[in-house]
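For the sequence shown, position 105 (counting from the first letter as 1) is numbered 105 according to full-length UniProt numbering, and the numbering increases by one without interruption.
Careful, some of the hints might be misleading.
[What the hints assert, rightly or not] Below 25 angstroms or equal to it, Euclidean Cα-Cα: the simulated BS3-like pairs (lysine-lysine) are:
| no. | residue 1 | residue 2 |
| --- | --- | --- |
| 1 | Lys23 | Lys108 |
| 2 | Lys25 | Lys4 |
| 3 | Lys4 | Lys23 |
| 4 | Lys6 | Lys108 |
| 5 | Lys124 | Lys26 |
| 6 | Lys85 | Lys129 |
| 7 | Lys129 | Lys6 |
| 8 | Lys6 | Lys123 |
| 9 | Lys105 | Lys23 |
| 10 | Lys4 | Lys85 |
| 11 | Lys6 | Lys85 |
| 12 | Lys105 | Lys6 |
| 13 | Lys25 | Lys128 |
| 14 | Lys129 | Lys59 |
| 15 | Lys26 | Lys59 |
| 16 | Lys107 | Lys23 |
| 17 | Lys85 | Lys23 |
| 18 | Lys26 | Lys6 |
| 19 | Lys59 | Lys85 |
| 20 | Lys25 | Lys129 |
| 21 | Lys26 | Lys129 |
| 22 | Lys26 | Lys107 |
| 23 | Lys19 | Lys108 |
| 24 | Lys124 | Lys25 |
| 25 | Lys19 | Lys59 |
| 26 | Lys108 | Lys26 |
| 27 | Lys25 | Lys105 |
[Said to hold, decoys possible] Label pairs and their calculated CB-CB ranges:
| no. | residue 1 | residue 2 | range |
| --- | --- | --- | --- |
| 28 | Glu22 | Ile79 | 11 to 21 angstroms |
| 29 | Gln3 | Lys26 | 34 to 44 angstroms |
| 30 | Lys26 | Val95 | 12 to 22 angstroms |
| 31 | Ser97 | Asn133 | 31 to 41 angstroms |
| 32 | Gly132 | Ile79 | 28 to 38 angstroms |
| 33 | Ile79 | Gln134 | 33 to 43 angstroms |
| 34 | Gly110 | Glu18 | 27 to 37 angstroms |
| 35 | Leu55 | Lys26 | 30 to 40 angstroms |
| 36 | Ile114 | Lys19 | 29 to 39 angstroms |
Bear in mind the hints are in silico, worked out from the structure with no lab data behind them. The beta-carbon is built from N, C-alpha and C at its ideal position, and this holds for glycine as well.
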Amino acid sequence: MNQKLKPVLLESPYGSTEKDPEKYKKHIERNIFYAQLCMHDCLMHGEAPFASHLLYTQKNVLRDYMPEERRLGMEAGFIWGAFAKYSVFYTDLGVSSGMLAGQRKAKKEGRHCITRRLPSELKKIFNKKFPGNQI
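Sequences and hints are given; from them, build the entire structure.
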């Protein structure tokens, strides 16, 4: 690939409303894996994705389950919007409140929003790892 990559903001679900700690952990694990596949898909589309929910939620950075830290992470991610050509929203797992906030911010800043689903080969990878969450 000799093309110039386009900087984009990647939006996909991250958080969980599960109260049971084990279910919460599994839900987050599923969403992280999904976001990683979305990053791969963006790269295959000639895009250089930035996914704040994969960066700022890492251990010892911010705690997404704490509202003030979640907001801080979202605001930090929104700053990167100034560098993005557009925002890409992956919707196979639905649209989260964080994604809706990202969409509002993109529209406010005049940044184009693209809705996308994973291609079948990546869906197969996801479905194999998470058979109870077919997409």
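We went through each hint and held it up to the structure:
1. Lys23 x Lys108: violated, 35 angstroms
2. Lys25 x Lys4: Violated: Lys25 and Lys4 sit about 37 angstroms apart, past 25 angstroms.
3. Lys4 x Lys23: violated, 41 angstroms
4. Lys6 x Lys108: It holds: about 21 angstroms lies between the C-alpha atoms, which stays within 25 angstroms.
5. Lys124 x Lys26: holds, 19 angstroms
6. Lys85 x Lys129: violated, 32 angstroms
7. Lys129 x Lys6: violated, 30 angstroms
8. Lys6 x Lys123: holds, 24 angstroms
9. Lys105 x Lys23: violated, 30 angstroms
10. Lys4 x Lys85: holds, 12 angstroms
11. Lys6 x Lys85: holds, 7 angstroms
12. Lys105 x Lys6: Holds, at roughly 19 angstroms.
13. Lys25 x Lys128: holds, 19 angstroms
14. Lys129 x Lys59: OK: Lys129 and Lys59 at ~23 angstroms, within 25 angstroms.
15. Lys26 x Lys59: holds, 16 angstroms
16. Lys107 x Lys23: violated, 34 angstroms
17. Lys85 x Lys23: violated, 36 angstroms
18. Lys26 x Lys6: Between Lys26 and Lys6 the Cα gap is close to 32 angstroms, so the pair fails against 25 angstroms, i.e. violated.
19. Lys59 x Lys85: Given that 25 angstroms is the threshold and the Cα spacing comes to 29 angstroms, the pair is violated.
20. Lys25 x Lys129: holds, 15 angstroms
21. Lys26 x Lys129: Given that 25 angstroms is the threshold and the Cα spacing comes to 12 angstroms, the pair holds.
22. Lys26 x Lys107: violated, 32 angstroms
23. Lys19 x Lys108: violated, 33 angstroms
24. Lys124 x Lys25: Status holds; Cα separation ~22 angstroms.
25. Lys19 x Lys59: Since the Cα atoms of Lys19 and Lys59 sit roughly 20 angstroms apart, the hinted pair holds (cutoff 25 angstroms).
26. Lys108 x Lys26: violated, 34 angstroms
27. Lys25 x Lys105: Given pair Lys25, Lys105 is violated - Cα atoms ~28 angstroms apart, limit 25 angstroms.
28. Glu22 x Ile79: 11 to 21 angstroms: Between Glu22 and Ile79, where Cβ atoms are some 34 angstroms apart, the hint is violated.
29. Gln3 x Lys26: 34 to 44 angstroms: The hinted range 34 to 44 angstroms holds for Gln3 and Lys26, with Cβ atoms some 37 angstroms apart.
30. Lys26 x Val95: 12 to 22 angstroms: holds, 20 angstroms
31. Ser97 x Asn133: 31 to 41 angstroms: violated, 19 angstroms
32. Gly132 x Ile79: 28 to 38 angstroms: Because 36 angstroms falls inside the window, the suggested range holds.
33. Ile79 x Gln134: 33 to 43 angstroms: This hint holds: roughly 35 angstroms between Cβ atoms.
34. Gly110 x Glu18: 27 to 37 angstroms: holds, 36 angstroms
35. Leu55 x Lys26: 30 to 40 angstroms: The hinted range 30 to 40 angstroms is violated for Leu55 and Lys26, with Cβ atoms some 21 angstroms apart.
36. Ile114 x Lys19: 29 to 39 angstroms: holds, 34 angstroms
When each numbered hint is compared with the structure, violations occur for hints 1, 2, 3, 6, 7, 9, 16, 17, 18, 19, 22, 23, 26, 27, 28, 31 and 35.
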